[in-house]
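Going down the list, the protein sequences come from chains G and L. Note that this note's numbering gives residue 150 to position 150 of the first sequence, counting from 1, and the numbers run on in steps of one. This note's numbering runs 194 ahead of the 1-based position in the second sequence.
Note that these hints are calculated values from the structure, not bench results. Treat the hints with caution; some may be incorrect.
Said to hold, decoys possible - Label pairs and their calculated CB-CB ranges: (1) K235/L to H24/G: 46 to 56 Å; (2) S213/L to K91/G: 25 to 35 Å; (3) R45/G to M226/L: 19 to 29 Å; (4) K91/G to D239/L: 19 to 29 Å; (5) T318/L to K91/G: 52 to 62 Å; (6) G337/L to E46/G: 21 to 31 Å; (7) A21/G to T232/L: 18 to 28 Å.
Backbone N, C-alpha and C fix where the C-beta goes; we use that ideal spot for every residue, glycine too.
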Amino acid sequence: MRGQADEDNTEDGSAVRRWEAMRHVYIAHQPKLLRFVARRVGGHREAEDVCQEVWRVFYVNYDEYVASYGHAPKMLYPIARYRIGDFWKQKRGRAHEVAVEREDLVGLADVLCQGPDEHRRADRRVDLESALADLPPRQREALYLRYVDDLTEGQTATLMSVSVNTVKKYLKKAKEKLRTTVSLDSYGPEGEYE
Amino acid sequence: VNHHDDPRGLLDATERELSDGFEAVMESLKRMSPQEITALKQQADAAELGHDAYALGLELLEQGQTDAAERQLRKAARYHVAGARRILDELTVRGVMHQTADAAAGGVALSASHRSLARGATSTVPGAIFALALTGGISLAPGDGHEILFGRDRGRVHVCVGEDDPHVSRHQGTLTHGDGQWQVRNTGWRPIRINHRLLFRDEEPLPLGTGYTQLFIESPRRQHLLEVYVTDHRDQRPEPRHRETTVRPRVWALTEQERLVLVALGQRYLSHDLHPQPLSWKQTAAQLAGLQPDRGWTQRRVEHIVHAVRRRLSDDGVPGLVRDEVGEPVGNALNHNLLQALLTSTTLVPMDLALIDET
Numbered sequence: 001m002r003g004q005a006d007e008d009n010t011e012d013g014s015a016v017r018r019w020e021a022m023r024h025v026y027i028a029h030q031p032k033l034l035r036f037v038a039r040r041v042g043g044h045r046e047a048e049d050v051c052q053e054v055w056r057v058f059y060v061n062y063d064e065y066v067a068s069y070g071h072a073p074k075m076l077y078p079i080a081r082y083r084i085g086d087f088w089k090q091k092r093g094r095a096h097e098v099a100v101e102r103e104d105l106v107g108l109a110d111v112l113c114q115g116p117d118e119h120r121r122a123d124r125r126v127d128l129e130s131a132l133a134d135l136p137p138r139q140r141e142a143l144y145l146r147y148v149d150d151l152t153e154g155q156t157a158t159l160m161s162v163s164v165n166t167v168k169k170y171l172k173k174a175k176e177k178l179r180t181t182v183s184l185d186s187y188g189p190e191g192e193y194e
Numbered sequence: 195v196n197h198h199d200d201p202r203g204l205l206d207a208t209e210r211e212l213s214d215g216f217e218a219v220m221e222s223l224k225r226m227s228p229q230e231i232t233a234l235k236q237q238a239d240a241a242e243l244g245h246d247a248y249a250l251g252l253e254l255l256e257q258g259q260t261d262a263a264e265r266q267l268r269k270a271a272r273y274h275v276a277g278a279r280r281i282l283d284e285l286t287v288r289g290v291m292h293q294t295a296d297a298a299a300g301g302v303a304l305s306a307s308h309r310s311l312a313r314g315a316t317s318t319v320p321g322a323i324f325a326l327a328l329t330g331g332i333s334l335a336p337g338d339g340h341e342i343l344f345g346r347d348r349g350r351v352h353v354c355v356g357e358d359d360p361h362v363s364r365h366q367g368t369l370t371h372g373d374g375q376w377q378v379r380n381t382g383w384r385p386i387r388i389n390h391r392l393l394f395r396d397e398e399p400l401p402l403g404t405g406y407t408q409l410f411i412e413s414p415r416r417q418h419l420l421e422v423y424v425t426d427h428r429d430q431r432p433e434p435r436h437r438e439t440t441v442r443p444r445v446w447a448l449t450e451q452e453r454l455v456l457v458a459l460g461q462r463y464l465s466h467d468l469h470p471q472p473l474s475w476k477q478t479a480a481q482l483a484g485l486q487p488d489r490g491w492t493q494r495r496v497e498h499i500v501h502a503v504r505r506r507l508s509d510d511g512v513p514g515l516v517r518d519e520v521g522e523p524v525g526n527a528l529n530h531n532l533l534q535a536l537l538t539s540t541t542l543v544p545m546d547l548a549l550i551d552e553t
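One chain only, chain G, in its complex shape (with noise of 0.2 Å):
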């Protein structure tokens, strides 16, 4: 009797466990999940409703992640995009690529250009909406998902289904040509805007 107690006790604390970990997950990824979904489905209402569809997809399938990634979440934004497609077909519409609003150049702005002045950070957005234009697409998708979407690096590699390494290297070289491109070429990081 004792030692089919203890079975039971060590299940339903396998249990707990399980739901306590699906929990932290939730609570840590659904802020985010919300903004990259919203930012693609153009409204709060539409993206609550897609994420709570999203949330009941990873959960169905939540031990075979944990058994394949053992990471759960690695698949959490593959399903997004998924979902997100579905949103679109069902509205009759093509997904959006990524739809970049000026407010979300705000991370990106003061990644890229230092300095104090909120003046001259709008201004450089505006110079970076056309800057980000003339990037090569894959790119110009790393810094999208990085710095607009905020994920991790390992999350954007998960996303363009390549390694981390190779968005370290995607990040690098258009930080480099945003750096270098002349609309932004005055708002140095010393200050040199006149």
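For this one, chain G is given, so just place chain L on it according to the hints.
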């Protein structure tokens, strides 16, 4: 993502709210039927398949196995991997560019300052084609499969037309040589006007005769011109004929009564209305009755006179004046065509409006 677009404060959720969200998701899962769970698992599989196909497609692309890469990327695109669609588009463009380089081998570029092809073109090869737009053009010898692509995307086509107008398709159309003649095909979304004919997307290609042809891509507020010139076997530029007698338009003989009726019927044409239409029989008869109260003008009489003129001109080769040629419903088409023919031949001229001037 702007926070002001987030009325429910979802982006600033507290840990407690997030925890509640998690519980809600798990609760909804518990309430699902086995079929619904199966559907969710299928979605998970699809997401994973798309993800794997995308990764494999990129790997194959790096190895230079383009065909295999395309297959995987297509599969990924079917599973909504947006990046896959973009890479496929890029591959298509590369493929088109490769094909266009082959197809136009031997072509000679024409600069943007090249004189209008309306003034003719010379080539040592009979049947050569010249295509010219504002941005420049190309000339190409005839040969089965020879192609000239035109459209907005300078990187994809030989002749760039309407580069600043998004209404023009990136690849709007193709000039192709086959069976001894050049043809034009519309591959874009907007029709191409050739003479008085509109050529639509994916319609049978239209043959291009020798000499000069204007192709207009119709945009809502603009028209983009592509000039085409096909040299003939004599390949002569039109010879100057400075001193030759001018060939006058053929003027059709009308009786006084016919002229009066036709001027009344077509007065909107003669007054240069923007979109003129003939008057109705009733309106025409009423106006003529006002002018000549004692001549017994009726709708039927007007109709008979106009019918007689249409029949006479039709017998003399003027197109579009009988029902069989126009097809049903005829509406005003026969009278419209008649009046156009009378105006372009200068049989009727604006000064004729004096005939119905009541002052």
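A quick look at each hint next to the structure:
no.	hint	verdict
1	K235/L to H24/G: 46 to 56 Å	violated, 23 Å
2	S213/L to K91/G: 25 to 35 Å	holds, 31 Å
3	R45/G to M226/L: 19 to 29 Å	holds, 22 Å
4	K91/G to D239/L: 19 to 29 Å	holds, 23 Å
5	T318/L to K91/G: 52 to 62 Å	holds, 57 Å
6	G337/L to E46/G: 21 to 31 Å	violated, 54 Å
7	A21/G to T232/L: 18 to 28 Å	holds, 24 Å
Violated hints, listed in ascending order, are 1, 6; each of the other numbered hints is respected by the structure.
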